[in-house]
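Participant: Given chain A, put chains B, C and D in place with the hints provided.
Residue numbers (the working numbering), protein chains in the order written: chain A, 556 to 893; chain B, 556 to 893; chain C, 556 to 893; chain D, 556 to 893.
To be clear, the hints were calculated from the coordinates, so they are not data collected in a lab.
A couple of the hints might just be wrong.
As the list makes no split between identical chains, a pair holds if one copy fits it or if it spans any two.
[What the hints assert, rightly or not] Cut-off 30 Å, straight-line C-alpha distance, at most; resulting in silico cross-link-like pairs (DSS-like, lysine-lysine):
id, residue 1, residue 2
1, 758, 631
2, 619, 577
3, 626, 751
4, 758, 700
5, 755, 887
6, 880, 561
7, 713, 861
8, 583, 861
9, 712, 626
10, 619, 583
11, 577, 861
12, 751, 700
13, 713, 758
14, 561, 577
15, 626, 700
16, 561, 583
There are 4 protein chains.
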Amino acid sequence: MIIVLKPNCTVEQLNHFTEGLKHDYDVKVNTWVGTQSTVLGLIGDTSAIDIDYIAAQDFVESVKRVQEPYKKANRKFHPDNTVITLPGGQKIGDGSLSIIAGPCSVETEDQICEVAERVKTAGAQFLRGGAFKPRTSPYAFQGLKADGLELLREARKKTGLPIVTEIMSAAHLPLFEDVDIIQVGARNMQNFELLKELGKIRKPILLKRGLSSTIEELLMSAEYIMAGGNDQVILCERGIRTYETYTRNTLDISAVPILKRLSHLPVIVDPSHASGIAWLVEPLAMAAVAAGADGLIIEVHNNPAKALSDGAQSLTPDQFDHVAKRVFTAAKLLRTEG
Amino acid sequence: MIIVLKPNCTVEQLNHFTEGLKHDYDVKVNTWVGTQSTVLGLIGDTSAIDIDYIAAQDFVESVKRVQEPYKKANRKFHPDNTVITLPGGQKIGDGSLSIIAGPCSVETEDQICEVAERVKTAGAQFLRGGAFKPRTSPYAFQGLKADGLELLREARKKTGLPIVTEIMSAAHLPLFEDVDIIQVGARNMQNFELLKELGKIRKPILLKRGLSSTIEELLMSAEYIMAGGNDQVILCERGIRTYETYTRNTLDISAVPILKRLSHLPVIVDPSHASGIAWLVEPLAMAAVAAGADGLIIEVHNNPAKALSDGAQSLTPDQFDHVAKRVFTAAKLLRTEG
Amino acid sequence: MIIVLKPNCTVEQLNHFTEGLKHDYDVKVNTWVGTQSTVLGLIGDTSAIDIDYIAAQDFVESVKRVQEPYKKANRKFHPDNTVITLPGGQKIGDGSLSIIAGPCSVETEDQICEVAERVKTAGAQFLRGGAFKPRTSPYAFQGLKADGLELLREARKKTGLPIVTEIMSAAHLPLFEDVDIIQVGARNMQNFELLKELGKIRKPILLKRGLSSTIEELLMSAEYIMAGGNDQVILCERGIRTYETYTRNTLDISAVPILKRLSHLPVIVDPSHASGIAWLVEPLAMAAVAAGADGLIIEVHNNPAKALSDGAQSLTPDQFDHVAKRVFTAAKLLRTEG
Amino acid sequence: MIIVLKPNCTVEQLNHFTEGLKHDYDVKVNTWVGTQSTVLGLIGDTSAIDIDYIAAQDFVESVKRVQEPYKKANRKFHPDNTVITLPGGQKIGDGSLSIIAGPCSVETEDQICEVAERVKTAGAQFLRGGAFKPRTSPYAFQGLKADGLELLREARKKTGLPIVTEIMSAAHLPLFEDVDIIQVGARNMQNFELLKELGKIRKPILLKRGLSSTIEELLMSAEYIMAGGNDQVILCERGIRTYETYTRNTLDISAVPILKRLSHLPVIVDPSHASGIAWLVEPLAMAAVAAGADGLIIEVHNNPAKALSDGAQSLTPDQFDHVAKRVFTAAKLLRTEG
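Isolated chain A (complex conformation) (with noise of 0.2 Å):
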């Protein structure tokens, strides 16, 4: 950590600032006296210290960590990239392209088992579908809840695809004690209080990025549940929100690779939520293969106009066959020459 101090910073604050801080941590300071400023190096472990608490000195002009702020997600620590397994054997993270697909929201028994058995078909791994909804309007439809979750059950046991749904509130988790990967939406990628609850629990997490969140707060969420002891933890780039109105967010397809340098997690990308358009969900989703994530979230629909959410978005079972089909063989071609 390199703290810069003011010009006005006197000797005997600077003692004073000094010999607190090795007194509190396990740190050692350097200091060093500069024509406009004074610059001290704090050399030790110093992911304990608070930056805001450095910041608020009044004799601090500025700090800066050298060390990133997360540890259980850092590959630093931890080189080996971490594969979820689950217990059917399917696998996100070693190496092959998973894909996680379905619709956005679970509707009908018919539809949720219509589309299973399709995307299945054309190679899926994983089955999606939203049970509770996080709508902007309180007079949107909400998700069938409990029966949205039985709805999924019904289409597993029928395609044997492990399932991926969304919580919303952590008052909700006995209802997901059955499903096989539980999704943190976008909005709650900082509502820490449904991190912890999942940090207790064994069970792999899809974590998506917040519409603003950098890559670090994306990694320092990724944290929350790992320092809980679950260390589960999928990442998804869905892309953030930019002054382009063309798409409904802009994919933030650099995070692909720096996720993967910065993290041993496993990363994954859903380019339905990134564009909010069916047709850019194959460019987009090429590109992210291209990038080198492990794996793709995709939204199906088997009648995308009839959708009670997301349509705009959703591709047809027939338009989600060619997706798979040049995804499988793009991962396969670029991973073999490259």
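Facilitator: Coordinates of chains B, C and D only, in the frame set by chain A:
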């Protein structure tokens, strides 16, 4: 609602679609045939129509709402200002300037009581203090929780100031029974499960704008609370996330007059979080008053350099005295001449 | 064009306004009277109507264009891909992958010639190099200017690679007569006086997207050049400004398929400026190819650590060999199976 | 300047690098060896060191400047406020409130003269009007150019108000000889060739912040002009681009006190462009005054509904009377009590 169709929409599709709309909703449909596209205009109550559903039709090019999607928060249907009145007679939204002040985190009885006395003397009518703290890092101080609420009650007993504090989970609601105003933080603005629970109680809710939420999304979150029957919502602009790095966030000062025009709810500004820098609190607070804000929420700590969180943006009680004097004077002068 | 009127618009205002529109432009006006507002639909050629003029009427609530405001750059009116062909036969936009490579700044004859030889060997068909450099600081190296152009010509003579270099002022145009492709940098994308001058010449223009320009604004800037009669425009996505600080900019990969759909012009990607980090160039270049880009522009320096500008994002010739091999292979594989 | 090295940096590289720095620049280098990384601290005049050059070394992890990269615009080296004084005695930056008002575009002699008379009567000390107009569309009105400048001179003759108008190309400079204050628009803030030419003249330059420029970049552009010897620069905050769509731009009100603290140059605010909406001009102008702005630039048109550009954000002369009265009163009251 205006719907632009793609050039390839067939007459059969068009008829089927418009018949469906007229059947399902209480609307009339006007059709225009243009040189390059056909446009539909829906007249009637379109607020129940899901815009996603329309956009999902593959013959639809784009959709645009003419009516706002919020009703209870909408000034059109409720022209008079909402005034929040507490049992002790304190008001927000009545034309006077309301100030909520106090530390980021409640730390000790001495701390909260000393700050409470000082901000009361300076003119603040409400005491803020965090007991449950949303922190980016799981390793940072998370607040005193229930004990913090107890200390706030102590400070209220000593000063008579109503207390304002943040809730992070609906599961904590029983602990908040005795809190005067419950705050929803920026990271929870779209924690819809929490909003629904807050709609069921009868207590003022201070709703902070999300880090990258639009003005309309803030009003939709207010609508969630109001749709549940709780119409005591106070809106808070606290800075949005932009590319500028000098400040922690960018205060969107325009949001103040816009929210006042679109909605009847009171609007306050948080210059402490908007900037993250203590010396900016004064000019931003002044700007907020000049732009028409109903109130301010300001972080004050008896010893910012020792604060367990957000010290860099906290004022000392002496600094707060000065700011309070300036903003109350400005409110008086500007509202007299206005 | 769809115009929503305010509820207080009088019949007299409405009649006067619609008569004026029909008189001044070749349009028909349809009127709908809704429950809360009246809506006008303009049919005909509305591209000459200034949307600001409409919005300025005090009885107008909002205006929305149905037609895109660009014509010459619009694929609707020019369905076939534009292919840029240089006198030496090199092409951009013909379905193959075009690579422009070279140093940020031209520094010495040895440097530019060595880099040119190396990138040619690796398969690049074009040489880039900056002679006039837009630098944030007036104290930073500003480029070799005319001497730099001379060195580029030397490198072209030795390798046969056409040269691509940036222009910063129309006043320099005489110096650029012998340049093969003239680049307009991100900071000049809306330097309309420069665009107008470039519309008068008959030479391909590589137009970079502005730091915070929308896709539509990029196409409008292309339209400026094309409106002058120069229809050889190459569009370049080079990252946009967002709140994320890990990368210098955020590559908007979605812009590639969107620009290809909206326009017939070729689209290339600059992974070097988009990220500002050398190790990110490979995954971003791969993503660009997978998303359908017609080409790439990549910074290569024979000694990045000694580069006078942008060293942190430059590849060494050896690194470029590797990237070029991967992207050419990917282009071949993906376009064969596609 | 603080340089963090990667763990794999060898002692030989380190020695070679630090010797080179000491040889090339007038700096001393301090070295700290930490547990995970080594940090260098450069003491002396580091402003000539290119931060890109440092970052490009492959053993460098990150670099951070301690000193600001601008000097002539920096308040540290020029503590007193710069006051711009025109030959007619009008001042900007002397503690009073300066108002520049007038139409977006000069259209006719009657129009500009009528507006000039009205804004003068209301208290404006300067007349604005666009003769060369930067328009997104090549098909929109581009301004009256030289004829527009002539009409501005007429209006000045009639009212005595100094004229402020935008330049779009250094090639037009001869036409601007008789202009009192030359404006650089947001889209040209980083048109460095133009800035260099403006550094050679001796006339006040009104420099608008770019659409997505940081505060530091704005100051660096001012530095370009000042480095050429022209120290009469007026900074203008005019709204930045964000994700919020209600307003055309988002006024960054914090930029006012920050610019005043970092620089000695006068700072004005453009509430018309910041919002794009006429009714928002008043509250934003009030906020700017309260935040400490030295002046305002406001669009006024005698008939906004007939304006050839920007009508939606223009005030009528009557509306401007009201706004001017409020802001002058506010400036008087707030600066007296402050």
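Participant: I want to check one pair: residue 619 and residue 577. Are their C-alpha atoms no more than 30 Å apart within a copy, between two copies, both, or neither?
Facilitator: For residue 619 and residue 577, the Cα distance is within 30 Å both inside one copy (18 Å) and across copies (25 Å).
Participant: With identical chains, the pair residue 755 and residue 887 could be close in the same copy or across copies; at 30 Å between alpha carbons, which is it: within, between, both, or neither?
Facilitator: neither (37 Å within a copy, 48 Å between copies)
Participant: Please sort residue 561 with residue 583 into within, between, both or neither, judging by C-alpha distance up to 30 Å.
Facilitator: both (21 Å within a copy, 20 Å between copies)
Participant: Since the copies are identical, ignore which copy is meant and state whether residue 751 and residue 700 lie within 30 Å (CA to CA) inside a copy, between copies, both or neither.
Facilitator: Both, since 22 Å and 15 Å are each at most 30 Å.
Participant: Classify it for me, residue 713 with residue 861: is the Cα-Cα distance of at most 30 Å met within a copy, between copies, both or neither?
Facilitator: within (24 Å within a copy, 60 Å between copies)
Participant: Up to 30 Å between alpha-carbons, please classify residue 626 paired with residue 700: within, between, both or neither.
Facilitator: Cα proximity of residue 626 and residue 700: across copies only (26 Å, versus 35 Å in one copy).
Participant: Treating 30 Å as the Cα threshold, decide for residue 619 and residue 583: within, between, both or neither.
Facilitator: both (16 Å within a copy, 21 Å between copies)
Participant: I want to check one pair: residue 713 and residue 758. Are their C-alpha atoms no more than 30 Å apart within a copy, between two copies, both, or neither?
Facilitator: within (22 Å within a copy, 48 Å between copies)
Participant: State whether the alpha carbon distance between residue 577 and residue 861 is at most 30 Å within one copy, between copies, both, or neither.
Facilitator: Classified as between; 16 Å across copies, 64 Å inside a copy.
Participant: Treating 30 Å as the Cα threshold, decide for residue 626 and residue 751: within, between, both or neither.
Facilitator: Answer is within: at 16 Å inside a copy they meet the 30 Å cutoff, but 35 Å across does not.
Participant: Using 30 Å as the alpha carbon limit, work out where residue 712 and residue 626 are close: within a copy, between copies, both or neither.
Facilitator: neither (38 Å within a copy, 43 Å between copies)
Participant: When Cα atoms must be at most 30 Å apart, do residue 758 and residue 631 count as within-copy, between-copy, both, or neither?
Facilitator: This pair counts as within: shortest intra-copy Cα distance 24 Å, inter-copy 48 Å.
Of the numbered hints stated above, those contradicted by the structure are hints 5 and 9, listed in ascending order.
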